[in-house]
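Student: Okay, here's what each chain looks like letter by letter:
There are 2 protein chains.
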Amino acid sequence: MKLFDEKNFIHQLSIDCVIFGYKAGELKVLIPKILLKKPLYSLPGGFIYVDESIDKAALRILEERTGINDIYLEQYYVFGNENRINNDLLNNLEEFSQQMNQLEFEENGLNWLTNRFVSIGYYALVDINKVNPKMGEMDESVDWYNVKSLPKLIMDHNEMVEKALETLRRNLDEKLIGFNLLPETFTMREVQELYEAIYDKPFARNNFQKKILDLDVLERLEKKFTGAANKAPYLYRFRR
Amino acid sequence: MKLFDEKNFIHQLSIDCVIFGYKAGELKVLIPKILLKKPLYSLPGGFIYVDESIDKAALRILEERTGINDIYLEQYYVFGNENRINNDLLNNLEEFSQQMNQLEFEENGLNWLTNRFVSIGYYALVDINKVNPKMGEMDESVDWYNVKSLPKLIMDHNEMVEKALETLRRNLDEKLIGFNLLPETFTMREVQELYEAIYDKPFARNNFQKKILDLDVLERLEKKFTGAANKAPYLYRFRR
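Chains as they are written, first to last, in our numbering: chain A, 58 to 297; chain B, 58 to 297.
Hints are not guaranteed to be accurate.
Pairs count within a copy or across copies, as identical chains cannot be separated in the list.
As the list claims (entries may be wrong) - List time: in silico BS3-like cross-link candidates among lysine-lysine, alpha-carbon distance up to 27 Å: (1) Lys187 - Lys113; (2) Lys232 - Lys268; (3) Lys113 - Lys220; (4) Lys258 - Lys268; (5) Lys232 - Lys220.
Just so you know, the hints here were simulated from the structure itself, not pulled from any lab data.
Just so you know, these numbers come straight off a predicted model, no measurement behind them.
Please work from the sequences and hints to get the whole structure.
Tutor: Written out as structure tokens, the structure is:
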């Protein structure tokens, strides 16, 4: 199998994906580790076929690198500094070359990869329980890392995560339903835990409840059965 | 002078700029008209030098095509359908070729231009009184068109304007100060006219005033002197 023929791709343009995962009050990011002596961590990324839309390319790249498919990926920013060059690749070209030859990369392909690239960032937020990442052929592992303790990533990939997190925070109110991170019915406390994980700060309970109810997307159901009727919290679901 | 050597640019990646202009309650878009027998209207666009950041490229392109410099341009979306090809150019290659040869385009450059391009959209909102557009060498004119009555633009450029308008509306609250569209001191009515032009709908006066004051960016000054003290509106300015 030939993994990579640079002639099939748009030159100097790449896509990188920031996949946020949420589970039990914690926000994580999915990071593949590239198969080399000195471990290299990078966002799942790749290139765009000359006859492929960028949105389809993003979905394909994500599936090739992590096995994840059928999620809602959204572009959020283009990273286009003139010095965006993969120096980790340049500095380890020989080892890459050996490694990649096993994967049937061509030498031309490796040189092509050391050009300056403009990269389109895509992001998504998923329920960690609902996806099952598998590592790609170039990788030694693919793992979830807490967003507050990411490893040092290649190039400007740490900055890409920061910018994606800003976008996620700014859009959370309107994306809350679409992200599909809450069970069928849930308590206000569960919504608050989600917001607190994403914003990395506590919210005052009353203000938070008012803010969320003002979004006008929730329907209040009966109280949750806890045995202690007085203190039982209400259950909510998203309005259809 | 040689205007265009395709070897200096990143291939298949372009930048297009949506420049909104505001004046007297009206929202307009700056559109150059390309110098050809059959008039072609397109957003001011161009290409990225291999050693140039995309943000600097956007500013340079805007200046080359419209003479406008020193404004705040922001990227808002990447247009990357697989069929983004300049059919107007393809269908008029001979006339373009004659025209562009006068401008010292090379034939290779013209062929290069007929490839599929991914385009990064940038937008800005300016005070029409404060800028002075000049047409570029390829153009017959560069004019402001009301956003509701744009000519048919090439490729997906009308869609690019729509998407930029969505972005402008979504970000108006937080960009209000930065856009610098209001005089040093202004009435609430002037703010409302600006919003109504951009959203293309009326706002109820009391609700609008509350919404804007809730943004917490305005400082209320004395009443405007109108001679009729009772009905005189308050003046506001942006808090420093």
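Student: Each hint: holds or not?
Tutor: Here is how each hint holds up against the structure:
1. Taking identical chains as interchangeable, the C-alpha atoms of lysine 187 and lysine 113 lie at most 27 Å apart only when both belong to the same chain, with a minimum of 22 Å there against 42 Å between chains.
2. For a Cα distance limit of 27 Å, the shortest separation of lysine 232 from lysine 268 qualifies both inside one copy, at 15 Å, and across copies, at 22 Å.
3. Within a single copy, lysine 113 and lysine 220 get their C-alpha atoms as close as 22 Å, and across copies as close as 20 Å, so both meet the 27 Å cut-off.
4. In this assembly of identical chains, lysine 258 and lysine 268 lie within 27 Å of each other by CA distance both inside one copy and across copies; the values are 16 Å within and 26 Å between.
5. In the homo-oligomer, the alpha carbons of lysine 232 and lysine 220 lie at most 27 Å apart both inside one protomer (17 Å) and across protomers (18 Å), since each shortest distance falls under that limit.
The structure fails none of the hints (numbered hints given earlier).
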